[in-house]
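Chains A and B, in that order, give the protein sequences.
Taking UniProt numbering, I'd label the letters of the first sequence as residues 1 to 334.
Taking UniProt numbering, I'd label the letters of the second sequence as residues 1 to 334.
If you're looking for bench data, these hints aren't it; they were derived computationally from the structure.
All clues stand as given, with none of them false.
In this list, chains with the same sequence are indistinguishable; a pair is considered to hold if it fits within one copy or across any two.
The calculated lysine to aspartate or glutamate pairs, modelled on DMTMM-like cross-linking and capped at a C-alpha distance of 20 Å, are:
(1) K2 - E230
(2) K3 - E223
(3) K176 - D166
(4) K3 - D202
These numbers come from a predicted model, not from an experiment.
There are 2 protein chains.
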Amino acid sequence: MKKFINKVDNILVESLSGFAKAHHDLVELHLDPNFLTRTNKAQNKVAIISGGGSGHEPLHAGYIGYGMLDAACPGHVFTSPTPDQMLMAAEAVHADKGILFIVKNYAGDVMNFEMAAEMLPFEHATVLTSDDCAVVNSTYTTGRRGVAGTVIVEKCVGSLAETGADLQACKALGDKVNHRTASIGVALTSCTVPAAGRATFDISDTEIEMGVGIHGEPGRRRETMRPADEIIGDCVEAILMDFKTRQLQPSKKHEALLLVNGFGATPLMELYLIYNTAAKLFNLHNLEISRSLVGNYTTALDMAGASITLCLLDDEIKQHWDSPVHTAALRWGK
Amino acid sequence: MKKFINKVDNILVESLSGFAKAHHDLVELHLDPNFLTRTNKAQNKVAIISGGGSGHEPLHAGYIGYGMLDAACPGHVFTSPTPDQMLMAAEAVHADKGILFIVKNYAGDVMNFEMAAEMLPFEHATVLTSDDCAVVNSTYTTGRRGVAGTVIVEKCVGSLAETGADLQACKALGDKVNHRTASIGVALTSCTVPAAGRATFDISDTEIEMGVGIHGEPGRRRETMRPADEIIGDCVEAILMDFKTRQLQPSKKHEALLLVNGFGATPLMELYLIYNTAAKLFNLHNLEISRSLVGNYTTALDMAGASITLCLLDDEIKQHWDSPVHTAALRWGK
Numbered sequence: 001m002k003k004f005i006n007k008v009d010n011i012l013v014e015s016l017s018g019f020a021k022a023h024h025d026l027v028e029l030h031l032d033p034n035f036l037t038r039t040n041k042a043q044n045k046v047a048i049i050s051g052g053g054s055g056h057e058p059l060h061a062g063y064i065g066y067g068m069l070d071a072a073c074p075g076h077v078f079t080s081p082t083p084d085q086m087l088m089a090a091e092a093v094h095a096d097k098g099i100l101f102i103v104k105n106y107a108g109d110v111m112n113f114e115m116a117a118e119m120l121p122f123e124h125a126t127v128l129t130s131d132d133c134a135v136v137n138s139t140y141t142t143g144r145r146g147v148a149g150t151v152i153v154e155k156c157v158g159s160l161a162e163t164g165a166d167l168q169a170c171k172a173l174g175d176k177v178n179h180r181t182a183s184i185g186v187a188l189t190s191c192t193v194p195a196a197g198r199a200t201f202d203i204s205d206t207e208i209e210m211g212v213g214i215h216g217e218p219g220r221r222r223e224t225m226r227p228a229d230e231i232i233g234d235c236v237e238a239i240l241m242d243f244k245t246r247q248l249q250p251s252k253k254h255e256a257l258l259l260v261n262g263f264g265a266t267p268l269m270e271l272y273l274i275y276n277t278a279a280k281l282f283n284l285h286n287l288e289i290s291r292s293l294v295g296n297y298t299t300a301l302d303m304a305g306a307s308i309t310l311c312l313l314d315d316e317i318k319q320h321w322d323s324p325v326h327t328a329a330l331r332w333g334k
Numbered sequence: 001m002k003k004f005i006n007k008v009d010n011i012l013v014e015s016l017s018g019f020a021k022a023h024h025d026l027v028e029l030h031l032d033p034n035f036l037t038r039t040n041k042a043q044n045k046v047a048i049i050s051g052g053g054s055g056h057e058p059l060h061a062g063y064i065g066y067g068m069l070d071a072a073c074p075g076h077v078f079t080s081p082t083p084d085q086m087l088m089a090a091e092a093v094h095a096d097k098g099i100l101f102i103v104k105n106y107a108g109d110v111m112n113f114e115m116a117a118e119m120l121p122f123e124h125a126t127v128l129t130s131d132d133c134a135v136v137n138s139t140y141t142t143g144r145r146g147v148a149g150t151v152i153v154e155k156c157v158g159s160l161a162e163t164g165a166d167l168q169a170c171k172a173l174g175d176k177v178n179h180r181t182a183s184i185g186v187a188l189t190s191c192t193v194p195a196a197g198r199a200t201f202d203i204s205d206t207e208i209e210m211g212v213g214i215h216g217e218p219g220r221r222r223e224t225m226r227p228a229d230e231i232i233g234d235c236v237e238a239i240l241m242d243f244k245t246r247q248l249q250p251s252k253k254h255e256a257l258l259l260v261n262g263f264g265a266t267p268l269m270e271l272y273l274i275y276n277t278a279a280k281l282f283n284l285h286n287l288e289i290s291r292s293l294v295g296n297y298t299t300a301l302d303m304a305g306a307s308i309t310l311c312l313l314d315d316e317i318k319q320h321w322d323s324p325v326h327t328a329a330l331r332w333g334k
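Required output: the full structure, derived from the provided sequences and hints.
Below is the structure:
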């Protein structure tokens, strides 16, 4: 294992310290328990808090700021944060309109956010993201996994919260965006968790893992490496099939957001090639890609691979996707 | 070699097509010869054109837009673009105040941009970037190499050009920023050029290449892998020594911009850890880091590794760094 680290135990705090220093205008770091909040506390809004295991950067701390999150609770690498992190974060950002947790659907995250919620002295609600259509139930999950679509949920809910909308409206929008979103990922290599010091899974030079999770969990099947367009074709097919199963398939031309997400070690050049093919294929199925995001937004440490996420837009989602956002990893309109 | 590609010969056009589709509000793609221009042609300003071999994305096409480039000319992977690309790009973006080429100092790029410049029917000038302090002369270079500091040059010159400044002023600022900037990189792994199909260089699981170039060219020396802080310490030392040699060493507290750039396969978590240590070390040498950029801004395909760039700020550079920019890869203030 070759990584830019000093001691495995210190990675998280050293990295968070660098993040908070580089973005001191946006975020403030609190240690022990670890959480990050906006530098300038927002007032009179639902406070949006997310979190989860580290190693998926820029998720979630990179999305703290105007128009998105109020706080993020990072666990150790691929490890759920603990309830005291969420409680302290909630205490710090609560602004009289309640707390909304956005939680990716993994057993540990769900349990710890639930424990925190039960102890919260404020009005609260939770949006569980479960956009990964690759598998139902898996290593760490009952039900579908929450993956890159979480970024779209956080962006839209964060936008609505800035308008002063109430807790139930924020939760409803988050649930809607999650419902209208599907993702699937493919790994070309494993990731390496620093504390383990070796690859999470074995994969040969001619294999790919179709439907991989963002912790390197197994997907649908191990396949032989093929030309990109064939792999992308299967991913697009999986998403379309998921929409069909859930009766979301558009019968006429419908606008959609296409997110091509790198897992950490895939060059931008390849991500745009994937985007090019995926956009063409979705277009053949009545899906007009009117919003796009291409880059490393929900990573799996140093995994080579990518995921494709499609969100079926409506006027409300478009409005909240387009609205100003000012965070370390997403910024526009302000 | 596992990459998301179809045919090696088509990678560039497929990727550029995806890029242009995802960012159609910002860029327009022209094929054969290949170049990209702003979707909305700017008027009454010096037109800023950059280019170079592909594989360094988001450099340069990701920096087309308000406040930065007017056009970019991508060559094949790690291969210089040809003079007809620059000539056609210049023709497309010329706006009556002349053309400024920003060229990374590699023999092929320099020669081809010079050939284009000689044929240009417009007033023109060139800024050569040469921020890499690792080596003087190398595989493709006479003199120092142009690396990640090029982004800072493009940002500042692009900002000045938007004010209507003339060609000589733009060139002068570009030369100044380049002069006040130093970079050094370190590779943990090689990159793999698609057309070659194998790693550019061999490096073992316990070695790093200190001072590596962005095409995998040799740096200063092959070293044994060590804790991050030791590697970062040597990088910071190299930059300080370079400033000292060039009599740029600040004798009292001086503001600086710190860019920690990933080469393509290094997790953001590690880049922020590098930032944390580098910022601390520079602070010990009168350098106050008042501007920061951390991420993949000048990559080397799928290389694991990172570079550290320091730019000594003054009021003019700060003003042009802070000014609004709206490109695919850098966006703020607008």
